[in-house]
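Q: Residue-level listing of the chains:
2 protein chains.
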Amino acid sequence: MIIENVTNQQEVLVKMVLDTWYAKTAQLDKLLSDLSDEQLMEEVAPGRNRGFYLLGHLTTLADSIFPLLGYEKQAAHLWEPYVKMPDKKNDDLPTVSDLRKDWTIVITVLREKLAGISVQEWFEKHTAVTKEDFLREPHRNKLNVILSRLGHLDYHLGQMQFLKPRGENGE
Amino acid sequence: MIIENVTNQQEVLVKMVLDTWYAKTAQLDKLLSDLSDEQLMEEVAPGRNRGFYLLGHLTTLADSIFPLLGYEKQAAHLWEPYVKMPDKKNDDLPTVSDLRKDWTIVITVLREKLAGISVQEWFEKHTAVTKEDFLREPHRNKLNVILSRLGHLDYHLGQMQFLKPRGENGE
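Chains as they are written, first to last, in the numbering used here: chain G, 1 to 171; chain E, 1 to 171.
Read the hints as simulated data drawn from the structure, not as lab findings.
C-beta atoms are modelled at their ideal positions from N, C-alpha and C, and glycine is treated no differently.
One or more of the hints may lead you astray.
[Stated by the list, open to error] Pairs of lysine-lysine residues, derived as DSSO-like cross-links and limited to a Cα-Cα distance of at most 30 angstroms, are as follows: (1) K89(G) - K30(E); (2) K89(E) - K15(G); (3) K164(G) - K24(E); (4) K88(E) - K24(E); (5) K89(G) - K131(G); (6) K24(E) - K88(G); (7) K30(E) - K101(E); (8) K164(G) - K89(E); (9) K24(E) - K15(G); (10) K125(G) - K131(E); (11) K89(G) - K164(E); (12) K125(G) - K84(G); (13) K131(E) - K15(G); (14) K88(E) - K84(G); (15) K113(E) - K30(G); (16) K84(E) - K24(G); (17) K88(G) - K164(E); (18) K15(G) - K30(G); (19) K164(E) - K125(E); (20) K15(G) - K15(E); (21) K89(E) - K125(E); (22) K24(G) - K30(E); (23) K24(G) - K15(E); (24) K125(E) - K84(E); (25) K89(G) - K164(G); (26) K164(E) - K164(G); (27) K73(G) - K101(E); (28) K101(E) - K30(G).
[Said to hold, decoys possible] Sample of chain E residues with no beta-carbon within 12 angstroms of chain G, all distances over it, derived: (29) D19; (30) L69; (31) P94; (32) T130.
[As the list claims (entries may be wrong)] Listed below are several chain G residues computed to face chain E (Cβ distance under 10 angstroms; list not exhaustive): (33) H139; (34) L147; (35) G158.
Use the sequences and the hints to build the structure in full.
A: Following this line, the structure appears as C-alpha cells:
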C-alpha cells in the first residue's frame with residue numbers, strides 16, 4: 001500500500017514535469033504560428049537577439065536533450081551557429097522556414113522518446129554524469145535535464161513575446 | 001529496500017525543485033543588486049512593462065504561494081497594483097526601495113516555510129483544490145505550486161535582463 005502510494009507519487013511528479021514541458025513547447029508553437037518570418041527576423045528588443053536566433057537557440061538546446069538521455073540528436077548542425085556563435089556574427093544561417101521545420105522535428109521526435117521512458121528510468125543518471133558523481137549528486141537524473149531546459153525555455157519565451165505587437169498580450 | 005530507494009527519489013525530486021527555486025530567486029537578487037532604482041524605473045523594452053512593475057509582479061506572485069501552502073501572505077497589498085492593474089495605469093505605487101524590501105521579506109520568509117515542509121507534505125493537495133478534484137488530479141499538489149511559479153519567474157527574468165546595458169551579458 002505504501003509502495004503503491006509512493007510509486008504513484010513518482011508517476012505524478014514525472015507527469016508534472018513532462019506536462020509542463022509539453023505545455024511550454026506548445027506555447028512556443030503558438031507564438032511561432034502567430035509570427036511571420038519577417039517578425040522573427042526582428043530583434044526582440046533594441047540591440048538584442050533576433051527572434052529567429054532565439055528560435056535556433058531553443059531548438060538546439062531542446063535537441064541537446066537527446067544525447068543526455070541516450071539518443072541521437074536530430075539537428076546537430078544547429079549547435080555551432082546558435083550556441084557557439086552569438087547572433088549577428090554569422091552570415092551563414094539557415095532560413096527561418098528551415099528553422100521552423102527543425103523546431104517541429106526536434107520537438108516531435110523528442111515527445112516520442114520521452115513517452116517511452118519509464119518512471120524508474122527518469123530517476124536514473126543522465127549520460128553526462130559519472131556513476132561516482134551520481135552517487136553524490138542523485139539530482140543529476142534524466143528528469144532534471146527536462147526541468148533545467150524548461151527554465152531556459154521560459155526565460156527566452158518571455159523575450160520572444162516582445163515580437164508580438166504591443167497590446168496583443170505582448171507584455 | 002525498495003521503499004527506501006523510492007522515498008529517496010522523492011526527496012531528490014523535492015530537492016531538485018526547491019534548489020531550482022532558490023537558484024532562480026538568487027538570480028533575481030543578483031540582477032536587482034546590479035540595477036539602480038533608476039534602471040528599474042525603465043521599460044524592459046519599448047512600450048513594455050517597467051522593471052519595477054515586473055519586480056512587484058514577481059513579488060506578489062511569490063507571495064501568493066503562502067496561502068496555497070496554508071500560510072499567510074507577507075505583502076498582500078501588492079496583489080492589486082501588480083496583478084489586477086496593468087503597468088502605467090496606477091499613480092499610487094510603492095517606491096522601488098519599498099519594493100526591494102518587500103521582495104526580500106517575501107523570499108526570506110518563504111524560504112523558512114518551504115524548509116519546514118516534509119517530503120510527504122509536498123505531495124499533498126494545495127489549498128485551492130478540493131479533495132474530490134485532487135483525487136482526479138493528483139498533480140495539483142504543493143510542489144506543483146513551486147514548479148509553476150518557477151516558470152513564471154524565468155519568463156520575466158528573461159525580460160528584466162534587458163534592463164542591463166547591452167554587452168553585459170544582457171542578451
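Q: All hints are to be evaluated individually against the structure, with a verdict given for each.
A: Going through the hints against the structure:
no.: 1; hint: K89(G) - K30(E); result: holds, 29 angstroms
no.: 2; hint: K89(E) - K15(G); result: violated, 40 angstroms
no.: 3; hint: K164(G) - K24(E); result: holds, 26 angstroms
no.: 4; hint: K88(E) - K24(E); result: holds, 27 angstroms
no.: 5; hint: K89(G) - K131(G); result: violated, 39 angstroms
no.: 6; hint: K24(E) - K88(G); result: holds, 29 angstroms
no.: 7; hint: K30(E) - K101(E); result: holds, 14 angstroms
no.: 8; hint: K164(G) - K89(E); result: holds, 21 angstroms
no.: 9; hint: K24(E) - K15(G); result: holds, 22 angstroms
no.: 10; hint: K125(G) - K131(E); result: violated, 35 angstroms
no.: 11; hint: K89(G) - K164(E); result: holds, 21 angstroms
no.: 12; hint: K125(G) - K84(G); result: holds, 26 angstroms
no.: 13; hint: K131(E) - K15(G); result: holds, 20 angstroms
no.: 14; hint: K88(E) - K84(G); result: violated, 39 angstroms
no.: 15; hint: K113(E) - K30(G); result: violated, 37 angstroms
no.: 16; hint: K84(E) - K24(G); result: holds, 24 angstroms
no.: 17; hint: K88(G) - K164(E); result: holds, 20 angstroms
no.: 18; hint: K15(G) - K30(G); result: holds, 22 angstroms
no.: 19; hint: K164(E) - K125(E); result: violated, 39 angstroms
no.: 20; hint: K15(G) - K15(E); result: holds, 17 angstroms
no.: 21; hint: K89(E) - K125(E); result: violated, 36 angstroms
no.: 22; hint: K24(G) - K30(E); result: holds, 26 angstroms
no.: 23; hint: K24(G) - K15(E); result: holds, 22 angstroms
no.: 24; hint: K125(E) - K84(E); result: holds, 26 angstroms
no.: 25; hint: K89(G) - K164(G); result: holds, 25 angstroms
no.: 26; hint: K164(E) - K164(G); result: holds, 22 angstroms
no.: 27; hint: K73(G) - K101(E); result: violated, 46 angstroms
no.: 28; hint: K101(E) - K30(G); result: violated, 37 angstroms
no.: 29; hint: D19; result: violated, 7 angstroms
no.: 30; hint: L69; result: holds, 16 angstroms
no.: 31; hint: P94; result: holds, 20 angstroms
no.: 32; hint: T130; result: holds, 17 angstroms
no.: 33; hint: H139; result: holds, 5 angstroms
no.: 34; hint: L147; result: holds, 6 angstroms
no.: 35; hint: G158; result: holds, 4 angstroms
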